[in-house]
Amino acid sequence: MAGTTLAHRLATAVRRPLAAADAGLNRLYGWRGNPLYQSGTIAVAMLLVLIATGLWLLLFYRVGAPYESVARLTGNLWTGNWVRGLHRYASDAALVATAVHALRMLLQRRSWGPRTLAWITGVLLTGVTLLLGWTGFVMVWDDFGRQLALEGARVLDALPVLSEPVSRAFAGDRPVPNAFFFLNLFIHVALPLLLGLLLWLHVSRVARAVLLPPRPLLWSVVGVLLLVAVVWPLPMAPAADPFTLPASVPADWFYAFWLPVTRLLDPAVVWAVVAVVALGMLAVPWLTRPGGRRRPIPSVVDRQLCTGCEQCVQDCPYDAIRLEARSDGRPTLVARVDPLRCVSCGICSASCAPMGVGPLGRTGRDQLSELRAAMAAREDWSGQVVVFACQYGPGTRASALAAEGGWVRQVDCAGNLHTSAVEYAIRRGVDGVLILSCPPRDCRNREGPVWLEQRLYHEREAELQARVDRRRLRVAYVGGANEDEALAALAELRSAVVRLERPAVEDEPSLDAVCEPSAPAEGI
Amino acid sequence: MTPGVRRAVGGGSALGAALLLAWLSRAPMRLSSSEAGLIRVAWSARPERVERCVTRTDEELRDVPSHMRQRVVCEGRSARYRLLVRRDGEVLADEVVTGAGARQDRPIYVLREFPTRPGAMRLEVSLQRLDSVAPGPEREADGDGQAAGQTAPDRERRERQERGRRMGEAMPPALSLSAEQRIGARSVLLITYDPESRVLVARSADGSP
Chain A
0 MAGTTLAHRL
10 ATAVRRPLAA
20 ADAGLNRLYG
30 WRGNPLYQSG
40 TIAVAMLLVL
50 IATGLWLLLF
60 YRVGAPYESV
70 ARLTGNLWTG
80 NWVRGLHRYA
90 SDAALVATAV
100 HALRMLLQRR
110 SWGPRTLAWI
120 TGVLLTGVTL
130 LLGWTGFVMV
140 WDDFGRQLAL
150 EGARVLDALP
160 VLSEPVSRAF
170 AGDRPVPNAF
180 FFLNLFIHVA
190 LPLLLGLLLW
200 LHVSRVARAV
210 LLPPRPLLWS
220 VVGVLLLVAV
230 VWPLPMAPAA
240 DPFTLPASVP
250 ADWFYAFWLP
260 VTRLLDPAVV
270 WAVVAVVALG
280 MLAVPWLTRP
290 GGRRRPIPSV
300 VDRQLCTGCE
310 QCVQDCPYDA
320 IRLEARSDGR
330 PTLVARVDPL
340 RCVSCGICSA
350 SCAPMGVGPL
360 GRTGRDQLSE
370 LRAAMAARED
380 WSGQVVVFAC
390 QYGPGTRASA
400 LAAEGGWVRQ
410 VDCAGNLHTS
420 AVEYAIRRGV
430 DGVLILSCPP
440 RDCRNREGPV
450 WLEQRLYHER
460 EAELQARVDR
470 RRLRVAYVGG
480 ANEDEALAAL
490 AELRSAVVRL
500 ERPAVEDEPS
510 LDAVCEPSAP
520 AEGI
Chain B
0 MTPGVRRAVG
10 GGSALGAALL
20 LAWLSRAPMR
30 LSSSEAGLIR
40 VAWSARPERV
50 ERCVTRTDEE
60 LRDVPSHMRQ
70 RVVCEGRSAR
80 YRLLVRRDGE
90 VLADEVVTGA
100 GARQDRPIYV
110 LREFPTRPGA
120 MRLEVSLQRL
130 DSVAPGPERE
140 ADGDGQAAGQ
150 TAPDRERRER
160 QERGRRMGEA
170 MPPALSLSAE
180 QRIGARSVLL
190 ITYDPESRVL
200 VARSADGSP
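Just so you know, the protein sequences line up as chains A and B, in that order. At position 452 of the first sequence (counting the first as 1) the number is 451 in numbering that gives the first Met the number 0, and the numbers step up by one without a gap. At position 88 of the second sequence (counting the first as 1) the number is 87 in numbering that gives the first Met the number 0, and the numbers step up by one without a gap.
Since the hints were derived computationally from the structure, they do not count as laboratory data. There may be inaccurate statements among the hints.
Claimed, not checked - Label pairs and their in silico Cβ distance ranges:
1. A:188 - B:104: 33 to 43 Å
2. B:22 - A:188: 47 to 57 Å
3. A:256 - B:6: 27 to 37 Å
4. A:237 - B:0: 43 to 53 Å
5. A:177 - B:184: 47 to 57 Å
6. B:0 - A:375: 52 to 62 Å
7. B:22 - A:322: 22 to 32 Å
8. A:173 - B:22: 31 to 41 Å
9. A:176 - B:61: 39 to 49 Å
Said to hold, decoys possible - Here are some of the chain A residues that sit facing chain B, going by a computed Cβ distance under 8 Å:
10. 162
11. 168
12. 233
13. 237
14. 240
15. 244
16. 247
17. 249
18. 253
19. 395
All C-beta atoms in this analysis are idealised placements derived from N, C-alpha and C, irrespective of residue type, glycine included.
Construct the entire structure; sequences and hints are all you get.
As structure tokens, then:
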């Protein structure tokens, strides 16, 4: 219990500055350009930059003269220096982006259950990236590279697997053999293949995986790194010398943050720390798995209502729904949810016109019932704006929105919101409906805001009916900490609907039969 | 914030973040605040063998496949050595070194490092074999090379050459180096075994012994 409380406090402490950073970057770049929302895709983009620049650098690298070949390359202002700088900075940016991505997934509780494979492959990707960086710095064979090699060899020699200590190769009594640099180069070139395989596994459980950031952001990131590589060229550190003990070395702190600590530790302790950290990271899916009733349950399909239209199959962000043959003699197919892949995001709740699929208690029918009950408390809803807000994002600002006159209904995800609920509210006589969604790239259910917009404005099943007055509807993509933007969207809608004629009010709107089942469903 | 200001602040922030990244990519990492030098004792060499050799008779050779007809078969282990390192009379290391590997049949790999104050010092390094080694088989039982067609004379000659080469490669029973040395601040004095001259030598950054 104490551990849970501590973990909760820790998560809250980290979440606050991250939310503030999100809000700040949203103001500067807009949610489309917020690099924190695109951390995963930026990491992949940097990997592509690394491959492109690495292939070029490989043409000039010589295992027989590693330092001299890199120095010659660095001395070439036009075709070498900036390429090496970009290669280095892209590798650093990849690691930073990976760390941000992992932190976001952890704080958004997207690390357990069906996402276990993604988390574990993510940890392995990070480990391989660190190893890739290690071999890259050793390739240069400057003071820093030698320090990394020495420390790696020292730790490796603690394992009783090699008859000849690796450290001997760097003692200085003989030149470091070319075979070492060849092996190091081979590993450096081969590891990206492993990265590719792990990346494929990493995204294998999501539908329509997005691997690259939007082009403006992609080219902005590459451009800024390129600019820095040109205006602040990467220098060459002194060549590795086994006969000197440098007081300090110019180091890449992203990849060698551990060096000052491990140098002071016994290799056995280093191995123990590495094992604990690695096992701890790999155990995150089980450590963060909600227990008992707090664990979201997978979606289920009401086989009576399912028309086999395939919309939920298309919308599921995790490829968790399949169509299969019916056993009741009806000619259509029927949807079936794979509970091992379903993350209980609830996107399918809003994709089903007959409201026949979704997690228990969060189906379209449940939303409609809950809204109907809540609105029954009042006769006159004129002058009122209903705010449907994602409870993980702008919904956290419910009190501020309520203070400004919004009638706030928190939803699990804006992408879960069934269009029938929107229609119902408007036909009951509210002045307007404001849907506050997380920005599309920050949706913890991946595609909620995208499908929401298509359902409201682009006729995607289950679309908002044409009879609904769109002038009374607004969708705003707002980060959780961007309270001002949420309030501005509310104020804008309020001022817009004031100018409209009074809506026709229905005491108990009868929604289209397609959107509301006439009889309670069975067999859920 | 006007769009222009926001664009300027956004661009500046991005550039600032990239510059921070570039700085962290090259920021100095302090490895040691000490001016101490280092004595590094490092080499690898094949130790002598403590083994018992048996010269097989023609009858014994006849019982084994032709490709395994080795006249002299030796079994044993690598010799152990005592490594002693002294600086100005102070013992820095006094230990037994053996061949590497699970069966200790690999070369001896020595790698010891001793931080030391810079300046002049008397350094003594010695390596002394602890085990007694029997005379080589070619001295006690040299085949006559006329083994009734079981081992060709050429093969026995090659066997002898191979045994001789191994013995020649092995470290001498005793090695020692005793000399006044000077170690500069933050520099390394390497004590290593020179397999050509079969002696211990000292090397430093300027290559001088």
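Evaluation of the provided hints:
1. A:188 - B:104: 33 to 43 Å: For residue 104 of chain B against residue 188 of chain A, whose Cβ atoms are near 35 Å apart, the range 33 to 43 Å holds.
2. B:22 - A:188: 47 to 57 Å: With a Cβ separation near 29 Å, residue 22 of chain B and residue 188 of chain A fall outside 47 to 57 Å, so the hint is violated.
3. A:256 - B:6: 27 to 37 Å: Because 34 Å falls inside the window, the suggested range holds.
4. A:237 - B:0: 43 to 53 Å: holds (46 Å)
5. A:177 - B:184: 47 to 57 Å: For residue 177 of chain A and residue 184 of chain B the Cβ distance comes to about 32 Å; the hint is violated.
6. B:0 - A:375: 52 to 62 Å: violated (44 Å)
7. B:22 - A:322: 22 to 32 Å: Given range 22 to 32 Å: violated, Cβ gap about 55 Å.
8. A:173 - B:22: 31 to 41 Å: Between residue 173 of chain A and residue 22 of chain B, where Cβ atoms are some 37 Å apart, the hint holds.
9. A:176 - B:61: 39 to 49 Å: holds (45 Å)
10. 162: holds (4 Å)
11. 168: At about 10 Å, which exceeds the 8 Å cut-off, the nearest Cβ of chain B leaves the hint on residue 168 of chain A violated.
12. 233: holds (7 Å)
13. 237: The hint is violated - residue 237 of chain A has no Cβ within 8 Å of chain B, the shortest such distance being about 12 Å.
14. 240: Interface hint status for residue 240 of chain A: holds (7 Å vs cutoff 8 Å).
15. 244: Holds: closest Cβ of chain B sits about 4 Å from residue 244 of chain A, inside 8 Å.
16. 247: holds (4 Å)
17. 249: Interface hint status for residue 249 of chain A: holds (5 Å vs cutoff 8 Å).
18. 253: For residue 253 of chain A, the interface hint holds, since the closest Cβ of chain B sits about 6 Å away, which is under 8 Å.
19. 395: Because about 24 Å separates residue 395 of chain A from the closest Cβ in chain B, which is outside the 8 Å limit, the hint is violated.
Violation of the numbered hints given earlier is confined to hints 2, 5, 6, 7, 11, 13 and 19; the remaining hints are satisfied by the structure.
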